[in-house]
Amino acid sequence: MKLSEIKEFLQNLETIAFELPDGSLAPSHFHVTEVGKITKNFIDCGGTVRNEEVINFQLWNKDDYNHRLHPEKLIHIIELSEKVLQLEDLEIEVEYQGDTIGKYGLDFNGKNFILVNKATACLAEELCVIPEKKKIQLSAISASPSCDPKSGCC
Numbered sequence: 209m210k211l212s213e214i215k216e217f218l219q220n221l222e223t224i225a226f227e228l229p230d231g232s233l234a235p236s237h238f239h240v241t242e243v244g245k246i247t248k249n250f251i252d253c254g255g256t257v258r259n260e261e262v263i264n265f266q267l268w269n270k271d272d273y274n275h276r277l278h279p280e281k282l283i284h285i286i287e288l289s290e291k292v293l294q295l296e297d298l299e300i301e302v303e304y305q306g307d308t309i310g311k312y313g314l315d316f317n318g319k320n321f322i323l324v325n326k327a328t329a330c331l332a333e334e335l336c337v338i339p340e341k342k343k344i345q346l347s348a349i350s351a352s353p354s355c356d357p358k359s360g361c362c
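Position one of the sequence shown corresponds to residue 209 (my numbering), numbered consecutively onward.
If you're looking for bench data, these hints aren't it; they were derived computationally from the structure.
Beta carbons are placed, not taken as given, at the ideal position from N, Cα and C, and that holds for glycine.
Errors might be hidden in some of the hints.
Straight-line Cα separation of at most 25 angstroms, SDA-like style, residue types lysine to any residue; simulated pairs [to be verified]:
(1) Lys248 to Ser289
(2) Lys281 to Ser212
(3) Lys342 to Lys326
(4) Lys326 to His275
Quick list of simulated restraints, FRET-style, between CB atoms [as the list claims (entries may be wrong)]:
(5) Arg258 to Thr308: 17 to 27 angstroms
(6) Lys342 to Leu293: 16 to 26 angstroms
(7) Lys311 to Glu280: 53 to 63 angstroms
(8) Asn264 to Glu334: 44 to 54 angstroms
(9) Gln266 to Cys336: 26 to 36 angstroms
(10) Pro235 to Leu335: 40 to 50 angstroms
(11) Glu333 to Gly244: 43 to 53 angstroms
(12) His237 to Thr308: 33 to 43 angstroms
(13) Ile283 to Val257: 54 to 64 angstroms
(14) Val292 to Phe250: 21 to 31 angstroms
(15) Leu233 to Glu280: 53 to 63 angstroms
(16) Lys270 to Val292: 17 to 27 angstroms
(17) Thr308 to Gln345: 20 to 30 angstroms
(18) Lys343 to Leu288: 27 to 37 angstroms
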């Protein structure tokens with residue numbers, strides 16, 4: 209989800225809820241403690257220099273049960289961040305701490321914002337020579353006397 213999309217969704221909500229990948233909800237007293245841009249400059253395993261940028265939201269909850277983040281407040285935080293940090297309309301990545309800090313993609317199901325698990329990938333697969341395992345039917349293997357179960361080799 210891009211920054212422009214979350215602002216559009218927030219316009220039509222009365223409350224904000226973030227749903228974790230396991231289906232549970234982040235506590236209702238969470239805060240968005242950071243909005244920023246993360247730039248990652250790196251070289252992939254094929255030697256290609258890459259640059260990735262995302263908008264980062266950090267969700268945090270503490271024992272402050274008297275405050276709730278309302279949609280209009282989050283819109284204000286986003287708009288202030290856009291102005292001060294000169295944010296572009298980039299994809300959003302959400303940091304949330306469960307057992308450890310996780311980084312998630314963001315989606316929306318019409319009611320809740322959904323934290324979507326992210327996965328790693330090889331960005332230079334065409335250069336990686338990872339041998340494919342050949343699939344064979346066990347019934348196609350001819351029995352050999354040296355591999356007879358009674359031969360003691362197994």
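Outcome of the hint check:
About 19 angstroms separates the Cα atoms of Lys248 and Ser289, which keeps this hinted pair within 25 angstroms; it holds. For the given pair, Lys281 sits about 16 angstroms from Ser212 by alpha-carbon distance, which is consistent with the 25 angstroms threshold. Of the supplied pair hints, the one linking Lys342 and Lys326 is violated, its CA atoms being roughly 29 angstroms apart against a limit of 25 angstroms. Our distance criterion of 25 angstroms between C-alpha atoms is broken by Lys326 and His275, whose separation comes to about 30 angstroms.
Distance hint for Arg258 and Thr308: a CB-CB separation of about 25 angstroms, consistent with the stated range 17 to 27 angstroms. At about 52 angstroms, the beta-carbon gap between Lys342 and Leu293 misses the expected band of 16 to 26 angstroms. For Lys311 and Glu280, the hinted distance range of 53 to 63 angstroms is not satisfied, since their beta carbons lie about 27 angstroms from each other. A C-beta distance of roughly 30 angstroms is found between Asn264 and Glu334, which places it outside the suggested range of 44 to 54 angstroms.
Distance hint for Gln266 and Cys336: a CB-CB separation of about 33 angstroms, consistent with the stated range 26 to 36 angstroms. One distance hint, 40 to 50 angstroms for the beta-carbon pair Pro235 and Leu335, holds here, with the actual separation near 45 angstroms. The hint said 43 to 53 angstroms for the Cβ distance between Glu333 and Gly244, and at roughly 31 angstroms that hint is violated. Between His237 and Thr308, the C-beta spacing of about 21 angstroms breaks the proposed range 33 to 43 angstroms.
The hinted window of 54 to 64 angstroms between Ile283 and Val257 is violated, with their beta carbons roughly 36 angstroms apart. Here the CB-CB span from Val292 to Phe250 is close to 27 angstroms, well matched to the stated 21 to 31 angstroms. At roughly 20 angstroms, the beta-carbon separation of Leu233 and Glu280 lies outside the given 53 to 63 angstroms, and the hint is violated. Take Lys270 and Val292: their Cβ atoms lie about 25 angstroms apart, and the range 17 to 27 angstroms holds.
Checking the proposed 20 to 30 angstroms range against Thr308 and Gln345 shows it is violated: the Cβ atoms sit about 43 angstroms from each other. At roughly 56 angstroms, the beta-carbon separation of Lys343 and Leu288 lies outside the given 27 to 37 angstroms, and the hint is violated.
In summary, the structure is inconsistent with hints 3, 4, 6, 7, 8, 11, 12, 13, 15, 17 and 18 from the numbered list given earlier, while agreeing with the others.
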